[in-house]
Amino acid sequence: MTAPLRLGTRGSALAMAQSGQVAEALTVATGRAVELVEVVTAGDRSHAPVHRLGVGVFVSALRDALAARTIDFAVHSYKDLPTAAAAGLHIAAVPARQDPRDALVARGGRTLAELPPGATVGTGALRRIAQLHALGLQLEVTPVRGNVDTRLARVLGPEADLDAVVLARAGLARLGRTDVITETLDPMLMLPAPAQGALAVECRVDDQDLVELLATLDHAPSHAAVIAERALLATLEAGCSAPVAAYAELAEGDAGDEIYLRGAVISPDGTRDLRLSRTGTPADAAEIGKALAAELLDLGADSILGHEGHTGPGTQQFGSTE
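No gaps in the numbering here: position 52 of the sequence shown is 200 in this note's numbering, and each next residue is one more.
Read the hints as simulated data drawn from the structure, not as lab findings.
Please note that the accuracy of each hint is not assured.
DEER-style ranges, computed between Cβ atoms [what the hints assert, rightly or not]:
id, residue 1, residue 2, range
1, 216, 259, 42 to 50 Å
2, 335, 178, 33 to 41 Å
3, 217, 417, 45 to 53 Å
4, 405, 266, 40 to 48 Å
5, 454, 178, 42 to 50 Å
6, 244, 401, 15 to 23 Å
7, 446, 172, 20 to 28 Å
The model shown is predicted, which means the values in this text are computed figures rather than measured ones.
We put the beta carbon where it would ideally sit given N, CA and C, even for glycine.
The task is simple: from the sequences and hints, build the whole structure.
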């Protein structure tokens, strides 16, 4: 009998849920059994704010396990991956993406517009903090850490100390917790992080049989959208201290499918907010992202990025989907 494939995953409820969904999909598609192997990452052991943890903090231990051949493949929240390619590894598939938008969970079922001035809103992402400030709603925005349940408890639990939290909708959906969402935020208000809601299925590049097997999980429209968003991120060379957002959508155009990419660079206090968009074909996804980044840089995005700490290419880290 063929031994089960070993799928490396973080041990959080969300990581286990999304890895389990990938494992099930692969078994259904190919008939291969898959077992989950928990890998503890540096990010799981730390209580520091996400943006201070460093690059690849939720990823490096999984990649080390791949290199050591103690697992056969890994599932990452794509937005956790540094933009620089990892030697000897290959993203074999991007499964169909969950809704990449952000979601508000607020006491009393409130929407963002219904929160009163001075309301306390928690989030772990500088990108969200910056955009909340840019809305001018006079909210008190508080950095938070922890898994989904920990964050929800700060709004909905018996010892709640926040009026609302903002989370990735995808994480709540994968945990079956969309019932707690009081508003799914329009990207015009809150543009998502590059690759938010997408998963990356990674294996060793020299394991060609597994590369081909995992490719059965790939969803071409989701993969193209992520390529465009991450090309923008890589071209901007933005560090984790500079909030960058990007959202690509595929739609049918006059000459076939088109990518519509929106990108933004926002200062942490929300006083500078640069937003642009660009369209093109899925085949040109990377070039669309690079071109939009160049336009943002021409408008002065580099001064925002430089002021907040320019860290060089391949060093982006925007925090877990949780």
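- Hint check for residue 172 and residue 446 - Cβ pair distance inside 20 to 28 Å: 46 Å, violated
- Message: Holds or violated: the 42 to 50 Å window for the beta-carbon distance between residue 454 and residue 178?
- Response: 47 Å, holds
- Task: State, for the Cβ atoms of residue 405 and residue 266, whether the hinted interval 40 to 48 Å holds or is violated.
- Result: Since the Cβ atoms of residue 405 and residue 266 sit about 46 Å apart, the hinted range of 40 to 48 Å holds.
- Task: For the range 42 to 50 Å, tell me whether the beta carbons of residue 216 and residue 259 fit it or not.
- Result: 48 Å, holds
- Kindly confirm whether 15 to 23 Å is satisfied by the beta carbon distance between residue 244 and residue 401. 21 Å, holds
- Query: So the hint says 45 to 53 Å: do the beta-carbon atoms of residue 217 and residue 417 match that?
  - Reply: Once the Cβ atoms are compared, 47 Å apart, the range 45 to 53 Å for residue 417 and residue 217 holds.
- Message: Verify the CB-CB distance for residue 335 and residue 178 against the hinted window 33 to 41 Å.
- Response: Since residue 335 and residue 178 have Cβ atoms about 35 Å apart, the given range 33 to 41 Å holds.
In this structure, the one hint that does not hold is number 7.
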